[in-house]
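Chains as they are written, first to last, in my numbering: chain G, 1 to 263; chain E, 1001 to 1313; chain P, 2001 to 2251.
These are computed hints drawn from the structure, not numbers from a lab.
Facing chain E, a subset of chain G residues (Cβ under 7 Å, in silico): (1) L73; (2) A74; (3) S87; (4) I116; (5) R119; (6) I128; (7) K198; (8) S211; (9) I218; (10) K240; (11) Y244; (12) T247.
Here the structure is a predicted model, which means the values were calculated and not measured. Each residue gets a CB set at the ideal place from its N, CA and C atoms; glycine is no exception.
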Amino acid sequence: MHFDAFDRYHEKDSFLHHLDPRVKVVVTIVFIVSNALLPDAAWFGFLFAWIFLLLVNAASKLGVAYTLKRSLLALPFALIAITVLFSIPGKPVLQFHFLMWDLTVTDMGLLRFVSILVRSWLSVQMAILLVAVTRFPDLIHALEHLRVPAILTTIIAFLYRYLFVLTDEVFRLLRAREARSAAVPGTRSGGGVLWRAKIAGNMAGQLFLRSYERSDRIYNAMVARGYSGHLYTLNPHEMKSTDYFATAFAIVVIFVTQILGRF
Amino acid sequence: MLYSPTPMHIPDGFLAITISIFCWVISAAVIGVAISRTNKSLGEKQIPLMGVMAAFIFAAQMINFPVAGGTSGHLLGGALAAIVLGPWAGMLVMTAVIAVQGLLFQDGGLVVMGANILNMGLVTAAVGYGLYRATKNQPKGVRLAVAGVAAWLSVMTGALLCSIELWLSGTSQLAVVFPAMMGVHALIGLGEALITVSALAFIMQTRPDLLGAGSESASGSSSWAWVGGLIALVVVLFSPLASADPDGLERVAINMGFINNGLSAPYQIIPDYTIPFLGETALSTIVAGIVGVIVVGGVVFLIGRGLKAKSHS
Amino acid sequence: MPVTHLKKQFSLPECSGDVLTVQDLHFSYPDGHNALHGVSLKLCEGDKVALVGPNGAGKSTLMLHLNGILNGHGDVEVAGQRLTRDNLPAIRSMVGLVFQSPDDQLFSPTVFEDVAFGPLHMGLSEEEVRARVDSALEAVRMSAYRDRLSHHLSVGEKKRIAIATVLSMKPSLLVLDEPSAGLDPRARRTLINLLRDLPITMLVSTHDMKLVQELFPRTIVMDEGKVVADGLTIEILEDEALLNAHGLEKP
Ligand SMILES: Nc1ncnc2c1ncn2[C@@H]1O[C@H](COP(=O)(O)OP(=O)(O)OP(=O)(O)O)[C@@H](O)[C@H]1O
Ligand SMILES: [Mg+2]
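Using the sequences plus the hints, can you model the full thing?
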């Protein structure tokens, strides 16, 4: 079985796809930092950031729906922030009774809550765009050039390569488990929780051993091709003038966002 | 769902920038030490080993088992990674796993990644390995039992840190986030403990050499036992305190200047061209001015480089 | 009652210059398993030799010795140079070893990075590396796959790229471990044509006797860590007693 559900890259012939991966990584991070820096209720700032996002989206030819659909990912986490609705002092806007609590939503609390959601929503969309327009190996190169330690980028490269191979193995194991634990419909199959946990643990152990042995074989394959402890890579990317201009443009826009966010 | 995000992966937007940066600094420092330690102590075999092990942890997180009522237990892997690979290599492996989850799947944010690495990768590895290391010369049964406790505590520690970060960011009230996170993770931790123990039991049976003397697993020094024990102790002591008197803690944090009672978030670094730590002073205006100059200078530099660089051919 | 097998002499193809000489090679795995005892063989320039034998005969173990990944007792000489710790890098660039599982052989995210790995680690310049990648991909007719992601390839494509990863090092000897395992008939055919056209000395282990018959003028039979026969493929395939004794089938 081929496991492609993990691919996030979306091939298109767009301006953004051709941009140097370093630029894309840096701009994404600056954008997300900028969102975090915008004060609560900085509506102009949020609006401007959103316009920038739409612009970037347009330059990717992926369509607004592409990021919109995937941006709901972080929504469940909003639950964590729900308490700010009630906890921040301000004018009451809504009062209700829930179970054993009398809850009062304040205006300040509401502003805070919505601001957190907007920041998160804007940020996650840019991150989604980043991996949709950049092949992951290029992203790894970008990290290398941005001085992320080589040992980490190498582990990440291996992780990416073997992610697919090992998840295939997991699914084979899971399927084998399912095939052997056929149950009468309506009854729960296969022993108690402990027993089921033990089976899962054995699968993890088995997967570990296979992976361990695989790493030995990979090491041999590397050694056979001249590896002796130091890894060499080529730099396949070169900054073009459009890359510099795009970076400058993005920084100006993000700076303007920050100023607008403070009025 | 193949890939189930846990409630511990914080997305961007939920942490104050100061907290994000603070966590990044700590994580980067620990990762730096981990890199220099692994570079020093481990052979050239280590690179492919850590790489494949990172893929292993990633894939192993998909192994689940039904618990009850549609919920299922699965693995985070910090403790397991550190126990089988040694603490430093375990930390690097977990860092890579969390980085890929954030980068590729947006499971956890980018700017808050430092916090996620700290919570789910570094601290889990330290606690998990530390407690397990303390049982070095014990019989197998004891080692496995302690590994289970260590795995459970590692998850709890991560959850604790996570709730503190959310609280200090003004995203959640401690009185709510703390019991909620700890409650949920007490259950998640049980799944973690069960899988970790039975995976270790399986490895001990089939390849005892991988966990015995001279293996990567034994590579951590005995002081890890202290590190693990200490962190565990802090968790155990802090938890009743936080549940009994969250408001008290909140007051302490306000008094110490960590939080601003949520009225103005601590992440307003340049509100109205003044720096909050510096107040409305001339200095503050100067700093804001310098930031402006740096931005303009940077933009000019980029445009200059752009004009010089080879055009799109 | 002890049984002595008379080692039958088969004729060998003509030889011009040794590429590989293995003399009395012994090896035990760390767990004590004795995988090779006394292997000797010689490969000549331009030879295409099949290495056959039942599972566990020691074929893969022998291959791992040919560029020093395993070090047993005995001599391995490549192009007249005795393999030692010091000339390991040189030997490794002369012996292109392709492992059985292409997922282990292709460990980089992209095809380009994998094919470039060998030349890069030989210390070649960037242009030279790029040129070598292009010509190696050309040789396995996979030029269009240069920028593809390894995990997207089919097994047959992976196998061909795996061969390119060592061709890019311009080895004087190609050593392939079970290259045709797991291939569908068309991919297998493509591979056979590819191996036939490659102008390079090769030693190929396989269980695919049809492949042996079709492609390799010479065959070496191994069993229980020893070479039990070495000669012209047509003669060996005629010796049914030999084939039966070592779990092989006439194609
Ligand atoms: N890492 C190892 N540790 C211990 N024994 C091993 C190891 N690898 C191989 N062996 C043993 O060495 C013997 C030779 O194995 P080898 O893999 O060389 O056989 P082979 O001829 O390649 O077989 P196959 O056709 O199945 O690939 C076998 O008995 C095998 O069990
Ligand atoms: Mg073999």
